[in-house]
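Participant: Sequence:
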Amino acid sequence: MKVVIVEDEKLAAERLQTLLKQVDPATEVTACLESIEETVLYLRSHRHPDLLLLDIHLSDGHSFEIFKQVNYTGPVIFTTAYDTYALEAFKLLSIDYILKPVTRTALATALNKLHSFSIRELQQNMPGLSTGNFKKRFLGKIGQRLYFIDTASIAYFQADNKLVYMVDKTGTRYLVDQTMEKLEQLLDPRLFFRLNRKFIVGIDAILQVKPYYNSRLKLSVQGAGQQEEMVISRDRVAEFRVWAES
Numbered sequence: 061m062k063v064v065i066v067e068d069e070k071l072a073a074e075r076l077q078t079l080l081k082q083v084d085p086a087t088e089v090t091a092c093l094e095s096i097e098e099t100v101l102y103l104r105s106h107r108h109p110d111l112l113l114l115d116i117h118l119s120d121g122h123s124f125e126i127f128k129q130v131n132y133t134g135p136v137i138f139t140t141a142y143d144t145y146a147l148e149a150f151k152l153l154s155i156d157y158i159l160k161p162v163t164r165t166a167l168a169t170a171l172n173k174l175h176s177f178s179i180r181e182l183q184q185n186m187p188g189l190s191t192g193n194f195k196k197r198f199l200g201k202i203g204q205r206l207y208f209i210d211t212a213s214i215a216y217f218q219a220d221n222k223l224v225y226m227v228d229k230t231g232t233r234y235l236v237d238q239t240m241e242k243l244e245q246l247l248d249p250r251l252f253f254r255l256n257r258k259f260i261v262g263i264d265a266i267l268q269v270k271p272y273y274n275s276r277l278k279l280s281v282q283g284a285g286q287q288e289e290m291v292i293s294r295d296r297v298a299e300f301r302v303w304a305e306s
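Note that the working numbering has the sequence shown beginning at 61, numbered continuously upward.
Since the hints were derived computationally from the structure, they do not count as laboratory data.
It cannot be assumed that every hint is accurate.
What the hints assert, rightly or not - When the alpha-carbon atoms are kept at most 25 Å apart in a straight line, the in silico DSS-like pairs for lysine-lysine are as follows:
no.	residue 1	residue 2
1	196	258
2	229	242
3	229	196
4	270	160
5	160	70
6	173	160
7	70	81
8	81	160
9	222	201
10	229	278
11	173	62
12	258	222
13	201	258
14	173	229
With the sequences and hints as input, model every part of the structure.
Facilitator: Here is the structure:
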């Protein structure tokens with residue numbers, strides 16, 4: 061596998077090369093670049109690598125600018141000292157988002173993700189991506205009163221013991237007479253994603269995505285209280301990334 065490292069700190073770049081060789085001796089680092097300008101020139105004049113290992117903060121700006129100037133469609137592993145750019149990273153074909161200092165374990169996990177699935181296969185095999193007649197509104201209950209809520213106003217659905225609640229973007233909770241499994245069939249999968257057994261979230265309600273321990277992701281969602289911990293299970297992270305950028 062041919063890899064291009066983009067890192068403006070010399071010691072960090074050398075460490076990445078060492079870790080790559082330790083994790084996968086067959087890896088070939090074809091270039092170590094230091095800036096947006098240098099990376100754009102390289103990608104315009106060379107065959108694109110199998111993987112970009114890319115620091116977000118470079119000497120001449122954020123590395124997201126690279127993709128505005130070059131049509132690079134391969135996988136990317138981002139490295140950064142900050143956790144505030146995860147959502148923007150998901151708009152690209154990012155395999156992982158590693159917080160510095162990069163460890164051998166974190167890099168190995170990221171490379172295993174790359175080897176374990178094909179982005180194209182995942183996009184083709186995600187269930188329900190075809191258009192269909194999905195529900196445009198749901199009937200919710202507060203006390204003895206019933207309300208019709210447009211799907212566009214829904215932030216998320218939550219399973220709580222044997223009950224299922226629909227929560228709108230203002231935080232109002234409605235009881236719904238549906239199971240989570242049935243909701244997955246009724247909702248447009250381009251707009252809603254099941255994070256885990258407890259939550260189905262709407263894409264327009266996601267405010268922030270942050271790396272979470274054990275290679276998971278944690279979401280901040282409109283309408284949710286601080287007590288609602290929305291964490292994407294590790295086995296769904298790759299699928300979430302594809303859904304978020306599709």
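Participant: Against each hint, give a clear statement of whether it holds in the structure.
Facilitator: The hints, checked one at a time:
With a C-alpha separation of about 22 Å, the suggested pair residue 196 and residue 258 falls inside the 25 Å cut-off, and the hint holds. A C-alpha spacing of about 22 Å is found between residue 229 and residue 242, which places the hinted pair at or below 25 Å, so the restraint holds. The straight-line distance between the Cα atoms of residue 229 and residue 196 is roughly 16 Å, inside the 25 Å bound, and the hint therefore holds. For a cut-off of 25 Å, the pair hint linking residue 270 to residue 160 stands: about 14 Å separates their Cα positions.
Simply put, residue 160 and residue 70 have alpha-carbon atoms about 14 Å apart, close enough for the 25 Å limit, and the pair holds. Simply put, residue 173 and residue 160 have alpha-carbon atoms about 19 Å apart, close enough for the 25 Å limit, and the pair holds. Only pairs whose Cα atoms come within 25 Å are accepted, and residue 70 paired with residue 81 is accepted, the gap being roughly 17 Å. Distance restraint check for residue 81 and residue 160: the Cα-Cα separation of roughly 18 Å lies within the 25 Å cut-off, and the hinted pair is therefore satisfied.
A threshold of 25 Å between alpha carbons decides the hint, and for residue 222 with residue 201 the separation of about 16 Å falls inside it, so the pair holds. Pair hint residue 229 plus residue 278 holds up; C-alpha atoms about 18 Å apart against a cutoff of 25 Å. About 16 Å separates the Cα atoms of residue 173 and residue 62, which keeps this hinted pair within 25 Å; it holds. With a C-alpha separation of about 11 Å, the suggested pair residue 258 and residue 222 falls inside the 25 Å cut-off, and the hint holds.
The suggested pairing of residue 201 with residue 258 holds, with an alpha-carbon distance near 19 Å, which does not exceed 25 Å. Distance check on the hinted pair: residue 173 and residue 229 sit about 33 Å apart at the alpha-carbon level, beyond 25 Å; violated.
Comparing the model with each numbered hint stated earlier shows that hint 14 is the single one that does not hold.
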